[in-house]
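All chains should be built: construct the whole structure from the sequences, respecting the hints.
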Amino acid sequence: MTKLHVSTTINNEAREYLCEPNQSMLDVLRDELGLTGTKEGCGTGDCGACSILVDDRLVCACLMLGAEAQDAQIETIEGVAGESGLHLLQSKFLEHAALQCGICTPGFIMASKALLAKNPNPDETTIRYWLAGNLCRCTGYDKIVRAVQDAAAELSHPA
Amino acid sequence: MSAYAYVAPTSISEVLTLLDDHVRSGRGTQILAGGTDVMVQMRSVNREPRTFIDIKRLEETNRLHVGAEEVYIGSAIPSARMQEHAELKTLYPGLLEAADLIGSTQVQGRATICGNLCNASPAGDSIPALIAAGAVCDIATPDGSRELAVEDFVVGVGQNALADGEFLLGVMLRRPQASTKDAYLRFTPRTEMDIAVAGVGVSVTLDGPNCIAARVAIGAVATKALLVVDAAEALIGTTLDDAALQLAGMACQAAAQPISDKRGSAGYRKKVVAVLCRRALAIARDRALGR
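Chains U and P, in that order, give the protein sequences.
The numbering used here numbers the first residue of the first sequence as 1 and each following residue consecutively.
The numbering used here numbers the first residue of the second sequence as 160 and each following residue consecutively.
Any given hint might turn out to be false.
[To be verified] DSS-like mimics (lysine-lysine), calculated; alpha carbons at most 25 Å apart, straight line:
{"id": "1", "chain 1": "P", "residue 1": "K215", "chain 2": "U", "residue 2": "K3"}
{"id": "2", "chain 1": "U", "residue 1": "K118", "chain 2": "P", "residue 2": "K215"}
{"id": "3", "chain 1": "P", "residue 1": "K248", "chain 2": "U", "residue 2": "K118"}
{"id": "4", "chain 1": "U", "residue 1": "K143", "chain 2": "U", "residue 2": "K118"}
[Unchecked claim] Not the full set, but computed from the structure, chain U residues with beta-carbon under 8 Å of chain P:
{"id": "5", "residue": "E20"}
{"id": "6", "residue": "N22"}
{"id": "7", "residue": "S24"}
{"id": "8", "residue": "G43"}
{"id": "9", "residue": "T44"}
{"id": "10", "residue": "G45"}
{"id": "11", "residue": "G48"}
{"id": "12", "residue": "S51"}
{"id": "13", "residue": "R57"}
{"id": "14", "residue": "C62"}
{"id": "15", "residue": "L65"}
{"id": "16", "residue": "A67"}
{"id": "17", "residue": "E68"}
{"id": "18", "residue": "Y129"}
{"id": "19", "residue": "W130"}
The set of hints was computed from the structure by calculation and includes no laboratory data.
Every residue gets a Cβ at the ideal spot worked out from N, C-alpha and C, and that includes glycine.
Structure, rendered in structure tokens:
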């Protein structure tokens with residue numbers, strides 16, 4: 001099988017890689033680029049653990065081919081924290097203990113970040129529906145929703 | 160020897176040439192738009208090596224146009240982009256509701272209604288809604304293009320009417336009058352991320368209080384979504400009162416040929432499809448009345 005050469009931008013950095021034509025973006029991130037923060041839960045787009053942003057759109061990396069990333073802007077969990085420290089959402093997840101085993105957390109952070117970019121002040125129902133594609137098998141949903149609500153509140157009314 | 164390959168052409172003619180070359184050499188192809196079905200099938204029911212032809216870099220498939228006469232939704236337009244189009248949402252609330260029911264936020268960032276159509280699942284939510292809205296498929300063919308009504312596009316479970324060498328460019332709809340409104344309802348045990356037990360798409364056109372045109376389509380209750388002409392006929396000429404809605408529901412029930420599976424028995428599905436029909440019609444009627 002001939003490998004494909006892909007040039008893309010990941011977390012604001014120009015990246016090039018070789019991938020198989022049928023290799024998923026998730027496998028490219030984890031196995032070719034060592035970006036293992038993006039997790040594989042189901043591999044069928046049901047659990048959201050592999051959520052990333054592609055051209056500012058939230059997608060499951062398992063439902064995308066690595067080859068499709070040519071010329072795209074990709075953001076993964078590794079790009080969320082800034083030089084000055086954790087992103088507000090990450091801090092709020094810690095503060096509210098919105099994680100147990102942590103496998104779903106990168107996906108939840110990416111999905112929540114996409115939500116707040118689109119709607120800085122979502123109500124609880126909006127948050128729950130938006131995050132319906134992210135599964136937490138430790139079932140700590142309430143704490144996750146509270147963390148996102150708190151982050152939204154702080155974004156709307158900075159202390 | 161066959162192997163996986165990936166190409167991302169930028170013109171219709173390139174796609175058609177690729178399809179033709181593969182047909183001639185007997186190699187398999189897979190048109191790739193959102194990929195939310197394709198990627199899952201590649202790891203489960205269809206592991207056959209094939210050439211992915213990514214159609215997301217074509218100008219034509221990226222068209223999302225709401226014009227004075229016509230609405231066009233290209234085959235590379237993800238559901239999320241449709242939802243962000245305020246005018247489209249006003250014109251075809253039912254179609255947008257159906258698309259919005261399919262998958263999570265993540266899936267909607269990629270999944271297309273044209274892919275939903277090509278995948279041809281009996282339970283595909285956008286299909287009855289497209290049929291009710293009177294959508295027509297715009298198909299690229301080696302000789303140019305052809306049009307096909309959505310109700311004739313799906314021919315069986317997982318099977319569509321595309322011939323070798325053809326691909327779907329988009330769907331076309333008329334720009335509806337203010338007095339034409341659609342609605343889509345489905346029944347699922349959960350509110351999110353589930354597959355329809357039954358679904359009903361409707362569109363009604365009023366002249367004053369009177370219904371002068373209607374289309375009703377049912378999903379997940381036969382091998383493919385069906386246009387129910389008898390239901391529409393029960394509505395035309397009425398004020399869409401309870402009696403008319405009852406008759407339309409019964410027509411849907413009569414047209415349904417469901418199977419029994421873990422989601423519901425055939426008898427249950429027949430009952431539910433009638434209820435959904437009545438409720439969807441009441442919603443569409445109220446929308447057409449501006450309520």
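These are the hints, each one checked on the structure:
With a C-alpha separation of about 21 Å, the suggested pair P:K215 and U:K3 falls inside the 25 Å cut-off, and the hint holds. A distance of roughly 24 Å separates the Cα atoms of U:K118 and P:K215; the hinted pair therefore holds under the 25 Å criterion. For the hint linking P:K248 to U:K118, the alpha-carbon distance of about 18 Å falls within 25 Å, and the restraint holds. Only pairs whose Cα atoms come within 25 Å are accepted, and U:K143 paired with U:K118 is accepted, the gap being roughly 22 Å.
Given the 8 Å rule on beta carbons, the hint for U:E20 holds: about 7 Å separates it from the nearest Cβ of chain P. Restraint check, U:N22 versus chain P: the minimum CB separation of about 4 Å is within 8 Å; hint holds. Of the supplied interface hints, the one on U:S24 holds, with its beta-carbon coming within about 7 Å of a beta-carbon of chain P, less than 8 Å. The criterion of a C-beta within 8 Å of any C-beta in chain P is met by U:G43, whose closest approach is roughly 7 Å, and the hint holds.
A distance limit of 8 Å between C-beta atoms decides the matter here; for U:T44 the minimum to chain P is near 5 Å, and the interface restraint holds. Here the hint on U:G45 is kept, as its CB sits about 6 Å from the closest CB of chain P, short of 8 Å. The restraint placing U:G48 at the interface with chain P holds, with a minimum CB-CB distance near 6 Å, inside the 8 Å limit. Checking U:S51 against chain P: minimum C-beta separation of about 6 Å stays under 8 Å; hint holds.
At a threshold of 8 Å, the smallest CB-CB gap from U:R57 to chain P is about 4 Å, leaving the interface hint in force. Given the 8 Å rule on beta carbons, the hint for U:C62 holds: about 7 Å separates it from the nearest Cβ of chain P. Restraint check, U:L65 versus chain P: the minimum CB separation of about 6 Å is within 8 Å; hint holds. Because the closest C-beta pair between U:A67 and chain P is about 4 Å apart, less than 8 Å, the hint holds.
A cut of 8 Å between beta carbons decides the hint on U:E68: the least distance to chain P is about 6 Å, and the hint holds. With its C-beta approaching chain P no nearer than about 7 Å, U:Y129 sits inside the 8 Å limit, and its interface hint holds. Using the Cβ-Cβ criterion of 8 Å, the hint placing U:W130 at the interface with chain P is satisfied: the shortest such distance is roughly 5 Å.
Every hint from the earlier list agrees with this structure, and none is contradicted.
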